[in-house]
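Asker: Sequence:
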Amino acid sequence: MGEALQAFIKANKLEKGMDRVNVKEAWVKLMGNGVNNYTTGVELRNETLFVSLSSSVLREELSHGKSKIVTMLNEELGKELIKKLVLR
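Residue 1292 is where the sequence shown starts when you use our numbering, and the numbers rise one by one after that.
Take the hints with a grain of salt, since some may be wrong.
Derived CB-CB ranges, DEER-like [what the hints assert, rightly or not]:
#1 GLU1306 <-> SER1346: 18 to 28 Å
#2 GLU1351 <-> LYS1301: 16 to 26 Å
#3 GLU1294 <-> GLU1351: 40 to 50 Å
#4 LEU1349 <-> VAL1312: 22 to 32 Å
#5 SER1354 <-> ASN1328: 10 to 20 Å
#6 ARG1350 <-> GLU1294: 38 to 48 Å
#7 GLU1294 <-> ASN1327: 30 to 40 Å
#8 LYS1359 <-> GLY1332: 17 to 27 Å
#9 LYS1359 <-> ARG1336: 33 to 43 Å
By construction, these hints were calculated from the structure, which means they are not laboratory data.
Using N, Cα and C, we set each Cβ at its ideal position, and we do this for glycine too.
Taking the hints into account, I'd like the entire structure generated from these sequences.
Answerer: Here's what the structure looks like:
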């Protein structure tokens, strides 16, 4: 069943849309409630993840660990989708 679904997704070129959904889910799962309460948007464009935060203090704190966040998200996704993280 899983293989048939993957084949359908590939055949209909739906991978990018699925990746966008999976990135949002991975962000929610990995960052936890504390960060998610201040997250107003998560968007994957090309290989850049744009995350909108309502707290400037949190944005500053997260900016110190951008590379680690990218690594954790890519590991959760099982492939290297994200090359750059932009916090805004």
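Asker: All the hints need checking, so say for each whether the structure fits it.
Answerer: Results for each hint:
{"no.": "1", "hint": "GLU1306 <-> SER1346: 18 to 28 Å", "in the structure": "violated (33 Å)"}
{"no.": "2", "hint": "GLU1351 <-> LYS1301: 16 to 26 Å", "in the structure": "violated (40 Å)"}
{"no.": "3", "hint": "GLU1294 <-> GLU1351: 40 to 50 Å", "in the structure": "holds (44 Å)"}
{"no.": "4", "hint": "LEU1349 <-> VAL1312: 22 to 32 Å", "in the structure": "holds (24 Å)"}
{"no.": "5", "hint": "SER1354 <-> ASN1328: 10 to 20 Å", "in the structure": "holds (18 Å)"}
{"no.": "6", "hint": "ARG1350 <-> GLU1294: 38 to 48 Å", "in the structure": "holds (41 Å)"}
{"no.": "7", "hint": "GLU1294 <-> ASN1327: 30 to 40 Å", "in the structure": "holds (33 Å)"}
{"no.": "8", "hint": "LYS1359 <-> GLY1332: 17 to 27 Å", "in the structure": "holds (21 Å)"}
{"no.": "9", "hint": "LYS1359 <-> ARG1336: 33 to 43 Å", "in the structure": "violated (21 Å)"}
Violation of the numbered hints given earlier is confined to hints 1, 2, 9; the remaining hints are satisfied by the structure.
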